[in-house]
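Trainee: Assemble the complex: chain A is given as a structure, and chains B and C must be docked to it using the hints.
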Amino acid sequence: MIEQTLFYIAAAVLVFAASAVITVRNPVVAALTLVLCFFCNAAIWLLLEAEFLAIVLVLVYVGAVMVLFLFVVMMLDINIAELRKGFSGFLPIGVTVALIMVISMVLVLASGYFAGPEYVPLKHAAEYSNTRELGLLLYSEYLYPFEIAGAILLVAIVAAIALTHRRAKNNKSPAPGTQVAVKREDRIRLVKMKTEQQS
Amino acid sequence: MALSAELYYLIPEIILLSGACLVLVLDAVLGKEQWSFTYTLTQLLLLATAGAILFVDPGQAVTVLGGNFILDPLGVLLKVSICLVALPVFFYGHDYNLEHGLHKGEYYILGLFAILGMLVMASAGTLLTVYLGLELLSLSLYAMVAMNRDSRMASEAAMKYFVLGALASGMLLYGISMLYGATGTLQLAGLANAIAGQTDNTLILTFGLIFVIVGIAFKLGAVPFHMWVPDVYEGAPTSVTLFISSVPKIAAFAMAMRVLVDGMQPLAGDWQGMLIILSVLSMIAGNVIAIAQTNIKRMFAYSTISHVGFLLLGIIAARPAGYAAAMFYVLVYSLMSMGGFAMVILLGRKGKEADLLEDFKGLSERSPWFAFVMLILMFSMAGVPPFLGFWAKWFVIMEVIRAGFPMLAGIAVFFSVIGAYYYIRIIKLMYFDKPLEMKAIKSSRQMRTVLSLNALSLLILGLWPPLLMALCLKAIGL
Amino acid sequence: MFEFIRQQLWTPLINFMVPEAYQGYALLTLDALTKVIVVLVCVLTAFAYTTYAERRIIGLIQLRLGPNRVGFFGFHTFGLAQPLADGVKAIFKEIIIPTGANKTLFIIAPVLSLGPALAAWAVIPFSEGMVLADINAGLLYVIALTSLAVYGIIIAGWASNSKYAFLGAMRSAAQIVAYEIAMGFALVGVLVASGSLNLGDIVRAQSGSVLNWFWLPLLPLFLVYYISGVAETNRAPFDVVEGETEIVAGYQVEYSGMHFAIFFMAEYANMILVSTLTAIMFWGGWLSPFQGVPVLGEPHILWLLAKAAFFLYLFLWIRATFPRYRYDQIMRLGWKVFIPITIVWIVVVAGLVVSHIPPWFN
Numbered sequence: 000m001i002e003q004t005l006f007y008i009a010a011a012v013l014v015f016a017a018s019a020v021i022t023v024r025n026p027v028v029a030a031l032t033l034v035l036c037f038f039c040n041a042a043i044w045l046l047l048e049a050e051f052l053a054i055v056l057v058l059v060y061v062g063a064v065m066v067l068f069l070f071v072v073m074m075l076d077i078n079i080a081e082l083r084k085g086f087s088g089f090l091p092i093g094v095t096v097a098l099i100m101v102i103s104m105v106l107v108l109a110s111g112y113f114a115g116p117e118y119v120p121l122k123h124a125a126e127y128s129n130t131r132e133l134g135l136l137l138y139s140e141y142l143y144p145f146e147i148a149g150a151i152l153l154v155a156i157v158a159a160i161a162l163t164h165r166r167a168k169n170n171k172s173p174a175p176g177t178q179v180a181v182k183r184e185d186r187i188r189l190v191k192m193k194t195e196q197q198s
Numbered sequence: 000m001a002l003s004a005e006l007y008y009l010i011p012e013i014i015l016l017s018g019a020c021l022v023l024v025l026d027a028v029l030g031k032e033q034w035s036f037t038y039t040l041t042q043l044l045l046l047a048t049a050g051a052i053l054f055v056d057p058g059q060a061v062t063v064l065g066g067n068f069i070l071d072p073l074g075v076l077l078k079v080s081i082c083l084v085a086l087p088v089f090f091y092g093h094d095y096n097l098e099h100g101l102h103k104g105e106y107y108i109l110g111l112f113a114i115l116g117m118l119v120m121a122s123a124g125t126l127l128t129v130y131l132g133l134e135l136l137s138l139s140l141y142a143m144v145a146m147n148r149d150s151r152m153a154s155e156a157a158m159k160y161f162v163l164g165a166l167a168s169g170m171l172l173y174g175i176s177m178l179y180g181a182t183g184t185l186q187l188a189g190l191a192n193a194i195a196g197q198t199d200n201t202l203i204l205t206f207g208l209i210f211v212i213v214g215i216a217f218k219l220g221a222v223p224f225h226m227w228v229p230d231v232y233e234g235a236p237t238s239v240t241l242f243i244s245s246v247p248k249i250a251a252f253a254m255a256m257r258v259l260v261d262g263m264q265p266l267a268g269d270w271q272g273m274l275i276i277l278s279v280l281s282m283i284a285g286n287v288i289a290i291a292q293t294n295i296k297r298m299f300a301y302s303t304i305s306h307v308g309f310l311l312l313g314i315i316a317a318r319p320a321g322y323a324a325a326m327f328y329v330l331v332y333s334l335m336s337m338g339g340f341a342m343v344i345l346l347g348r349k350g351k352e353a354d355l356l357e358d359f360k361g362l363s364e365r366s367p368w369f370a371f372v373m374l375i376l377m378f379s380m381a382g383v384p385p386f387l388g389f390w391a392k393w394f395v396i397m398e399v400i401r402a403g404f405p406m407l408a409g410i411a412v413f414f415s416v417i418g419a420y421y422y423i424r425i426i427k428l429m430y431f432d433k434p435l436e437m438k439a440i441k442s443s444r445q446m447r448t449v450l451s452l453n454a455l456s457l458l459i460l461g462l463w464p465p466l467l468m469a470l471c472l473k474a475i476g477l
Numbered sequence: 000m001f002e003f004i005r006q007q008l009w010t011p012l013i014n015f016m017v018p019e020a021y022q023g024y025a026l027l028t029l030d031a032l033t034k035v036i037v038v039l040v041c042v043l044t045a046f047a048y049t050t051y052a053e054r055r056i057i058g059l060i061q062l063r064l065g066p067n068r069v070g071f072f073g074f075h076t077f078g079l080a081q082p083l084a085d086g087v088k089a090i091f092k093e094i095i096i097p098t099g100a101n102k103t104l105f106i107i108a109p110v111l112s113l114g115p116a117l118a119a120w121a122v123i124p125f126s127e128g129m130v131l132a133d134i135n136a137g138l139l140y141v142i143a144l145t146s147l148a149v150y151g152i153i154i155a156g157w158a159s160n161s162k163y164a165f166l167g168a169m170r171s172a173a174q175i176v177a178y179e180i181a182m183g184f185a186l187v188g189v190l191v192a193s194g195s196l197n198l199g200d201i202v203r204a205q206s207g208s209v210l211n212w213f214w215l216p217l218l219p220l221f222l223v224y225y226i227s228g229v230a231e232t233n234r235a236p237f238d239v240v241e242g243e244t245e246i247v248a249g250y251q252v253e254y255s256g257m258h259f260a261i262f263f264m265a266e267y268a269n270m271i272l273v274s275t276l277t278a279i280m281f282w283g284g285w286l287s288p289f290q291g292v293p294v295l296g297e298p299h300i301l302w303l304l305a306k307a308a309f310f311l312y313l314f315l316w317i318r319a320t321f322p323r324y325r326y327d328q329i330m331r332l333g334w335k336v337f338i339p340i341t342i343v344w345i346v347v348v349a350g351l352v353v354s355h356i357p358p359w360f361n
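Residue numbers (numbering that gives the first Met the number 0), protein chains in the order written: chain A, 0 to 198; chain B, 0 to 477; chain C, 0 to 361.
Chain A extracted, bound-state conformation (with noise of 0.2 Å):
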């Protein structure tokens, strides 16, 4: 009861958020909805039990992903009005386009497979482990993908790496090894020299 009441709060969140995201004017606005978005899908997940998929949809996308997404944004400059210029030419076609796919789509959704028997989540044990059983199954079944999952982070470092990655031509700041291993005597010489006497 409490469940279904959370779960439809945080889905109507959502779907209200996930259509802010493309109707909002201004692009900062747009990227903070979005954030919301992933909050919500965040709370439905832990509905689900599913704790650890939550807290790390957050970690990661909401810590560290949309961070840098924002930096971006708000460091653009975007004139509204140059990008709805083309708008209303495409406009029909986009909508025709839009308007056959959507219509497909309902009449196979709506055809009554997926109407079959209502699924209830699992309800598990209290110590049940949500974390524990992902970590078995990505280790053990699914250590294949996982893997390759890793070698496409590699290529995404690389990738990025090799695109951005320009060394500054008048970069002057000082290698910090170099500047760490300055002794006291590279710098000041210590001269002992006689008094000069009075005349």
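Hint data in this document are derived by calculation from the structure and do not stem from the laboratory.
Careful, some of the hints might be misleading.
Unchecked claim - To list a few chain A residues with every Cβ distance to chain B over 10 Å, as calculated:
hint : residue
1    : F15
2    : S18
3    : C39
Claimed, not checked - Cross-link-like lysine to aspartate or glutamate pairs, in silico, EDC-like; alpha carbons within 16 Å at most:
hint : chain 1 : residue 1 : chain 2 : residue 2
4    : C       : K162      : A       : D76
5    : A       : K171      : C       : D327
6    : B       : K441      : B       : E364
7    : C       : K34       : C       : E2
Don't be surprised by glycine CBs; every beta carbon is placed ideally from N, CA and C.
Mentor: Frame of chain A, contents of chains B and C only:
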């Protein structure tokens, strides 16, 4: 089976992955001066991988790692050919990179990871692995296209490729999720069983299938999902175009085989229809639009699209002999495409690419031998006997007729005749036009040798086609 | 005490106001509410007196007095009433919203920065069984919430419509992402060592003498975690986000009155949180360092508080000692030093755990 026994079959992938990481580290540590070293290591690694695949070849279908990994004769042949085709591709690419100042280890490293992705696809046992292999491949390719950062064309091409590719991946995933929802399994074998057992309502399966086909068609570059092909081929550095046009096509074929044949053979009636549309459109659009091109890279792009149309014919037949013909086609195609781009590389010089058709004018006067090499390549692509390209077309068309689509075969023949026009136009340019300049062609001896061998193989294998065909038939299990 | 409140306050209230069917839920909610309020009051008091302690301690280090006048009823009492006076002052100041600022976001920003800082306390175990929510993924929850703190700062910087504020926000975003990763990896080491994501279990895994606590096997991770904690809270020497000498006060520059005070609260609440977490994850939480000694050897919440107080003191000490880092040096330290260290040490810890090295992992 114990994990170590299962990992035995993964030795090639493990070698390739750890080798690629090693190359990555060495390239970063040794610096730019050593970059030919990166290239040598890459080639050795590919050879080692190909050797390892043959070494672990079980001779029959083996499924390990929870069904995620399948090693069967089909996989072995495709994987070995991916590695072997990549060898000359990197060789030509190396030559181009040296000439055009793209001194970058990333070309080889990303290339290696792309090949790893292809190997994963070629022996994928679940839809999940298919998708992950595809992503590994695509991600590397996007970055390779954009590798020449100072070129606006390349950046634009990479952007288009990336956006459309992401869309296609999304479609594929959506389709996969539908199939998973309808059957409750991601395993290809399990999927086939579930589909065969489900006779009452296949609507949802067809619905998922459509999205999966869109994803595959995009990767193959079939019309109407071909829009990225010409721009990417033209915008990318020729060394990258060369790579994209040859090796990943084998992987895309592998993906089609795994998903459509291994996973959804019981739905063949549905996907045949969709593939026929794709195939006919590809043959029409590819061959007709290619005629209007003045840029040879773009022309090759449209030629690729039309070849994809032919390739699909073999799959449309929906029977083992057809698959073997399609496999024959894709292997032959990768050989021809590689040679074609190698010619573009050969004619190019520092700072200038020979990517216009007029650059080929009067080639016979500048270098009779390479004009002849190009002639072999063009005749083969056009499908003139006795070159290998002819047999490839012959086999798929015969298979389509045997499968009961004579109309389709007629269309294929008609458009291959139209296609012959623009291939033979190049031959006319080479032999009957005055050259724009009389500079001798400068290139290394190795480059000449490899390119000549590449072209001659089309002729020699074409004289005795059963040689290659026997391999394909064996891989399919006939 | 909770029992008393339940009996005397909530039960009559519920019986009076809530229909029979929902009384169970209501009691549960109100019980939790009591605990939340207690924890919040403690944290906010701690916040208030940390500001006071900071000014006194840094004053002493710099050979000055610090606040020592404000007291109760005409007595100076070492200036102990200073935080109260500051609070009253902040409340009565006008909140100014700059021209061109995005009003909604400008107002939400401080709340967004304080919210996660306080919410993280939900899973902190103060002593055996003394925890608001004893959840399995407590450690993850803490990391997730600490990573959210940056939103307040970024939004504040952007919504202020001010160059300095914006620069501060940008710096903050880059810095936090850099140290977030090192921090997360350091905690992965803790996870590997203890085999649990539950903070209570992590403390219990350390039981034994001082040498059994995780600071020894995880020494590099402990250092990385603490330093990243300093960086994540934007404290000196990593305070380029505020950087008074360069960008006046960064994201806070347009804020005044209570708004500003809330940012302040968030910063100190985060400091206290990081100190407490360090004590819990690396220094045995509520366990006593004098294992086996009667009375002194008993685990007690006071041990946790003492340890947390020490690390809090370290924050102030560091601030009084080190000059501010240059921005590129901060980035270099985060990406090129800390992340590799943590990755290497995770492998080492995994090796130790797998080979059951005593006295930690037998």
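Trainee: Are the hints correct? Go through all of them and say.
Mentor: Hint check results:
1. The beta carbon of F15(A) is kept farther than 10 Å from every beta carbon of chain B, the shortest such distance being approximately 23 Å.
2. With a minimum CB-CB distance of about 19 Å to chain B, S18(A) clears the 10 Å threshold, and the non-interface call stands.
3. No beta-carbon of chain B is positioned within 10 Å of the beta-carbon of C39(A); the least distance is around 20 Å.
4. Proposed proximity of K162(C) and D76(A) is supported: the alpha carbons are some 14 Å apart, at most 16 Å.
5. Note on K171(A) and D327(C): the hinted pairing holds, with a Cα-Cα distance of about 12 Å set against a maximum of 16 Å.
6. Of the supplied pair hints, the one linking K441(B) and E364(B) holds, its CA atoms being roughly 15 Å apart against a limit of 16 Å.
7. Between the alpha carbons of K34(C) and E2(C) the distance comes to roughly 11 Å, so the proposed pair stays at or under 16 Å and holds.
Every hint, counting from the list given before, is met by this structure.
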